[in-house]
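**Q** Please model the complete structure; the sequences and the hints are all you need to start from.
There are 2 protein chains.
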Amino acid sequence: MSDIAKRFPENPLLKPSSLKASRADLRVACLLNPGVFRFQNKTWLIVRVAERPEQSEIAVSFPVISHTGETEIMNIPLKDADLIASDARVIRYKGVDFLTTLSHLQLFCSDDGRNFYEPEGYAKLAGKGRHETFGIEDCRVTQMGDTYWLTYTAVSENGVAVGMRSTKDWKSFQMHGIIIPPHNKDCAIFEEKINGYYYAFHRPSTMDNQNNIWLARSPDLMHWGDHKCILKTRDNAWENARVGAGAAPIKTEKGWLEIYHAANREHRYHLGAVLLDLDDPSKIIARTEEPIMEPKESYELAGFFGHVVFTNGHLVDGDRITFYYGAADELVCGAEFSMAEVFEALGV
Amino acid sequence: MSDIAKRFPENPLLKPSSLKASRADLRVACLLNPGVFRFQNKTWLIVRVAERPEQSEIAVSFPVISHTGETEIMNIPLKDADLIASDARVIRYKGVDFLTTLSHLQLFCSDDGRNFYEPEGYAKLAGKGRHETFGIEDCRVTQMGDTYWLTYTAVSENGVAVGMRSTKDWKSFQMHGIIIPPHNKDCAIFEEKINGYYYAFHRPSTMDNQNNIWLARSPDLMHWGDHKCILKTRDNAWENARVGAGAAPIKTEKGWLEIYHAANREHRYHLGAVLLDLDDPSKIIARTEEPIMEPKESYELAGFFGHVVFTNGHLVDGDRITFYYGAADELVCGAEFSMAEVFEALGV
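Residue numbers (this note's numbering), protein chains in the order written: chain A, 51 to 398; chain W, 51 to 398.
Please note that the accuracy of each hint is not assured.
Copies of the same chain are indistinguishable here, so a pair counts whether it falls within one copy or spans any two.
Stated by the list, open to error - Below, a list of computed lysine-lysine pairs in the DSSO-like style, where the Cα atoms sit at most 27 Å apart:
{"hint": "1", "residue 1": "Lys218", "residue 2": "Lys333"}
{"hint": "2", "residue 1": "Lys282", "residue 2": "Lys178"}
{"hint": "3", "residue 1": "Lys129", "residue 2": "Lys92"}
{"hint": "4", "residue 1": "Lys282", "residue 2": "Lys92"}
{"hint": "5", "residue 1": "Lys301", "residue 2": "Lys65"}
{"hint": "6", "residue 1": "Lys129", "residue 2": "Lys174"}
{"hint": "7", "residue 1": "Lys301", "residue 2": "Lys174"}
{"hint": "8", "residue 1": "Lys56", "residue 2": "Lys346"}
{"hint": "9", "residue 1": "Lys129", "residue 2": "Lys304"}
{"hint": "10", "residue 1": "Lys65", "residue 2": "Lys174"}
{"hint": "11", "residue 1": "Lys221", "residue 2": "Lys278"}
{"hint": "12", "residue 1": "Lys70", "residue 2": "Lys178"}
{"hint": "13", "residue 1": "Lys282", "residue 2": "Lys144"}
{"hint": "14", "residue 1": "Lys243", "residue 2": "Lys70"}
{"hint": "15", "residue 1": "Lys304", "residue 2": "Lys278"}
{"hint": "16", "residue 1": "Lys174", "residue 2": "Lys144"}
{"hint": "17", "residue 1": "Lys333", "residue 2": "Lys301"}
{"hint": "18", "residue 1": "Lys92", "residue 2": "Lys174"}
{"hint": "19", "residue 1": "Lys221", "residue 2": "Lys70"}
No wet-lab data here; the hints were simulated from the structure.
**A** Rendered as C-alpha cells:
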C-alpha cells in the first residue's frame, strides 16, 4: 500500500450544499481544488465553485460570462448532431470546447484548519475580460512578503491559459492578464527567487496530447521565459496520461519538494512527489515510483467526476504537510503527509 | 481577383537541388519559408532546409537529432498498426507526433534580391538540445541596432514551441531557450519598443484546434507576458482553420501593417493583411476580407505539400514590400506588394 496520506476524519470539509449559488437560476455543482494560505492568523482556502443551471431532459445548459460581464445561460439541444457531451466536464459543440460548469473562486477561512466558514466582507472572484468568459479555476496562492500571487486557470473561447492576480488584503486585486498562453494550466510560482529569478511550474497540453510539467523563469513575475520540460508522464498505471504541479514547492534541506497530481488514461487522478535541485530546479533528484495518495474513500471514488484526488494547496509545519484537495471533482477535503514519509517514498 | 502579389519571373529562386544534403544518406526534400534581412549591404535569406532519407516501400524513415547531437535515422514499418501517416508533414506513432523531415536553417545571400548563393564561412544552424531534437523551422529575423533576433519553431518529443537565438555577425549565436511554450509557432518580434515594452505575435494551437494570432509583451525579449488573443480565424473560405503572423510588422503612418498567412480546412494557405494601432497593437484597425495572395502558379499548387504560399520575411523600400515565401512547402520564391494596394485591400 503506497498511499501515505492521513485523511481528516471530518472529510469532506466543504461540499456544494455548504454554499448558496451566486444566482437563483444556478446550482452549485462542485466545491473543489482549493488554494491555501495563512492570513490574519487563520487558515484560508480559495475554493473553486463550479455552478450550472438545473439540467433538463432535452438540452445541455451551461453558463458563460458575456463580454459585458453578465452571466448568460446557453442551451444546446441534446439531439443536436454537433454536440459531443461524453465528458462530465467538457462539451464540444461545433468544434469549440465549452465547460459544463462555470467556475469562480470563493474564500473560506478557519481557526483550526478543519472547520471552515465564509468570512464576511470578502467578495467572490469571478472571471473578468475576454480570456475568462468560461470562468477561473484551480487557484494556486504564492506568498512573498505581504503580497499574495494568485495563478489560476483562465478559460474562454480563446482557450485554456494561466491568469494571474495579486492582492495584499484579499479585498482589492490587481489583474496581470494571461501570463502563460494556451493550452496551459497548473501554474505554481516558487515562494522565493533562485539566482535572481522567480520560477514557476506550468503544464502545457500539446496537440498530440502530451501533458508534462514545465519550468519557467521570470525577472518580475509578469513575464516568463526559458521554458523547460522537466517532468514527463511515464508509461505506468498511475501517471501515463497527465502530470501537473500542485502548489508552490516546499523548500527543504534535500531540495524543492513538489506534490504533483498524475492522471492515467482512465482519468484516475493520484498524487506523486518529486524532489528538485535547490540551485537548479530543472534538475530532478528523485521521483516517487508509486503514488503517495490514490482515490480510495467513497467520497473520492464517486462524485461529479469520480476517482479524483487533486491538490493545489498546503501548509507546512515541521514534518507535517497539511494539504487540502478536491475529491471526485466535487468536494473539498483535507489530509496530512509526514515529510519524512514522503522522503522515504522518494528514497532520499 | 484579389491576388495583388507581383511574383518574380525568376521563381522559384531556390529549390531542393540548389543545395547539397548535409549528409550522404539524406536528401533535401524542401527549401522553404525564409526569414529575410539585410547584412553587409546584401539581401540574406535564412532558409528552412527539410531533409529526409530515401524512402523504401516497407518503412517510413525520418531523421531525428539524438541527445548527444547526432542525427539518427528512425524507421517505422508501413504495416505497423500504430503508424498514422496521412499527412506528408507529420507522422503519429504510438501517440507521439514525429516530423517526416528534419529541418535546419541555412543562409543564402544576394546582391540583387533575386539571385541567391551560399555565402562562404557561414555554417548551418541546426537544432540543439532536448527541445529541438526534431529540428528548427520557419525563422523570423528581427533587427534592432546591430543585433538580429531569430525566433523559430523548435520541435521535439516535448512539443512544438518557439525558440530564440541572437547574433551580430551570423557566425556566433547566443541561445535563449524556449521563449513561448507548446503548442506554439509563428512568433515575430516587433522591431521597436512601444511604451517601454517589446511586442511579439505568436500562434498557440489549442486542444480544440483553435489557431489564432496572439500578442505578447516583454521587458527584455527573453521573458514574455500579458498574452492576448488578437486575430482569430473566420468562418470563410480562406481563413477558417489557421492564421499565423508572418515577419515583424511594418511600421506605417496608418498603423502596424502585418502580412499573415491563413489556412482553410482543406490546408490551402493564403496571405492576408491586418493593420494594428501604433500605440496599442492589440487593437485592430482593419483586416482584409479577401486574401491578398493565394496559390495559383504551378509551383505553388503542386509540391511537397501543395496549395501553399507562406511568408515569414520581407524588405520594405518606400511603397514596395519585397517578400520571400515558401511555395508548396518545397521552394523559395519571391514577390512584391505595393503598400498602397495593400492599404486599398484593407480599405484604409
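**Q** Take the hints in turn and mark each one as holding or not.
**A** For each hint, the structure was consulted:
no.: 1; hint: Lys218 - Lys333; result: neither (33 Å within a copy, 32 Å between copies)
no.: 2; hint: Lys282 - Lys178; result: between (32 Å within a copy, 20 Å between copies)
no.: 3; hint: Lys129 - Lys92; result: neither (50 Å within a copy, 63 Å between copies)
no.: 4; hint: Lys282 - Lys92; result: neither (36 Å within a copy, 45 Å between copies)
no.: 5; hint: Lys301 - Lys65; result: neither (32 Å within a copy, 55 Å between copies)
no.: 6; hint: Lys129 - Lys174; result: neither (35 Å within a copy, 56 Å between copies)
no.: 7; hint: Lys301 - Lys174; result: neither (31 Å within a copy, 43 Å between copies)
no.: 8; hint: Lys56 - Lys346; result: within (12 Å within a copy, 68 Å between copies)
no.: 9; hint: Lys129 - Lys304; result: neither (57 Å within a copy, 49 Å between copies)
no.: 10; hint: Lys65 - Lys174; result: within (17 Å within a copy, 60 Å between copies)
no.: 11; hint: Lys221 - Lys278; result: between (35 Å within a copy, 26 Å between copies)
no.: 12; hint: Lys70 - Lys178; result: within (21 Å within a copy, 55 Å between copies)
no.: 13; hint: Lys282 - Lys144; result: between (32 Å within a copy, 16 Å between copies)
no.: 14; hint: Lys243 - Lys70; result: neither (40 Å within a copy, 48 Å between copies)
no.: 15; hint: Lys304 - Lys278; result: within (22 Å within a copy, 39 Å between copies)
no.: 16; hint: Lys174 - Lys144; result: neither (32 Å within a copy, 44 Å between copies)
no.: 17; hint: Lys333 - Lys301; result: within (15 Å within a copy, 43 Å between copies)
no.: 18; hint: Lys92 - Lys174; result: within (18 Å within a copy, 60 Å between copies)
no.: 19; hint: Lys221 - Lys70; result: within (20 Å within a copy, 65 Å between copies)
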